[in-house]
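2 protein chains.
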Amino acid sequence: MTTEAKPSPRERLLDAAAALTYRSGVNIGVEALCKAAGVSKRSMYQLFESKDELLAASLEKRTSAYVATLLPAADDKRSPRERILHVFAQVESQSAAPEFHGCPYLAAQIELKDQDHPASRVAHRVKENLTSYFRAEAEQGGAADPDLLARQLSLVFDGASARAGIGADKLPGLVAPTVTTLLDAAGVR
Amino acid sequence: MTTEAKPSPRERLLDAAAALTYRSGVNIGVEALCKAAGVSKRSMYQLFESKDELLAASLEKRTSAYVATLLPAADDKRSPRERILHVFAQVESQSAAPEFHGCPYLAAQIELKDQDHPASRVAHRVKENLTSYFRAEAEQGGAADPDLLARQLSLVFDGASARAGIGADKLPGLVAPTVTTLLDAAGVR
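In order, the protein sequences belong to chains Y and L.
Its first residue numbered 38, the first sequence is counted upward by one per residue in our numbering.
Its first residue numbered 38, the second sequence is counted upward by one per residue in our numbering.
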């Protein structure tokens, strides 16, 4: 006999902040966040020092789930080339959803503009980890310049998710040929 | 004997909206906009139906100046390949400024999230025109698939300006090699 524990006020605030800022932007008001979470403002300020801290914690909390949707499983045995292409196939597939607004970590940084904001710092770290993943795979795959290729792939990742997120383009037939061209030019097997 | 005409309240509002939203985001308040422009709220609402309309008009107003900073002069006689690379050299050079926050038209769309917002529609059109420029040059330069190349170049443009705008990367040594690789693969002379 199991009972499902109701999420705590803290969890509910983190989830509401992640969902609402992704949909409406980081300027969503504290009132709206608390209402969506079913938590009083007083409780919110007991749990988090500020809305900025709540925002940072909500981006932090969703990181592992987000990374898991992009990267291959730990026991994936495919080639570096395929493991790189996997990330872009995942974004392509995610971008088909009507509620897709691009990479939440890129959007947060663009919206906040302040790179020292606690949420920007979380977002920056998540994106750097993705670039590190690309760099490690590029090295493994024998890229001529693994650092350049990793930066190029990060650029394509952000450009693709930004453009799909604003409905400027669709990723099928675009992102895979672009990445393939860059992998070929870098000599990644 | 000439006297410099003081900008009208309308001009001052448009300029303040462009500058403040670029620096702080589209959620900047009406009070702050009016204060920066030295115009009363009452006057603002006589000139613009809403803040949304002011925002759209301010993006519209800066379009020709923005496009002029990116595209070659009308009498430019260089090859399509060089005319494409010119755009990216311009972004690379702009991105070195400390006040660079990426492409204002991309940022506005990401921040607004609503593609039907009047300012999003202006921004969308400006970006489409850039893609059309790339497509025309790609055709002229004999690209195997001008439409694909134009979409790829737009993706690189947005990815590069977004990443430079948030300080995730610097464009020298990144954007030119990326564009060159795509131009080579497309067979653009």
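Derived from the structure by calculation, the hints contain no laboratory data.
Any given hint could be a false lead.
In this list, chains with the same sequence are indistinguishable; a pair is considered to hold if it fits within one copy or across any two.
Pairs of lysine-lysine residues, derived as DSS-like cross-links and limited to a Cα-Cα distance of at most 27 Å, are as follows [claimed, not checked]:
id, residue 1, residue 2
1, Lys-98, Lys-72
2, Lys-78, Lys-114
3, Lys-150, Lys-88
4, Lys-88, Lys-207
5, Lys-88, Lys-114
6, Lys-78, Lys-98
7, Lys-207, Lys-43
8, Lys-43, Lys-88
9, Lys-43, Lys-150
Okay, the hints, checked on the actual structure:
Within a single copy, Lys-98 and Lys-72 get their C-alpha atoms as close as 20 Å, which meets the 27 Å cut-off; across copies the closest is 39 Å, which misses it. For the identical chains of this complex, Lys-78 and Lys-114 are neighbours neither inside a copy (48 Å) nor across copies (63 Å), given an alpha-carbon limit of 27 Å. For the homomeric pair Lys-150 and Lys-88, the shortest alpha-carbon distances inside one copy (16 Å) and between copies (21 Å) are both at most 27 Å. With identical chains, the CA atoms of Lys-88 and Lys-207 are never at most 27 Å apart, being 34 Å at best within one copy and 30 Å at best between copies.
Taking identical chains as interchangeable, the C-alpha atoms of Lys-88 and Lys-114 are never at most 27 Å apart, the minima being 42 Å within one chain and 54 Å between chains. In this assembly of identical chains, Lys-78 and Lys-98 lie within 27 Å of each other by CA distance solely inside one copy; the values are 21 Å within and 41 Å between copies. In this assembly of identical chains, Lys-207 and Lys-43 lie within 27 Å of each other by CA distance neither inside one copy nor across copies; the values are 38 Å within and 45 Å between. In this assembly of identical chains, Lys-43 and Lys-88 lie within 27 Å of each other by CA distance solely inside one copy; the values are 23 Å within and 41 Å between copies.
In this assembly of identical chains, the alpha carbons of Lys-43 and Lys-150 never lie at most 27 Å apart, being 35 Å within a copy and 31 Å across copies at closest.
Checked against the numbered hints listed earlier, the structure breaks hints 2, 4, 5, 7, 9; every other hint is satisfied.
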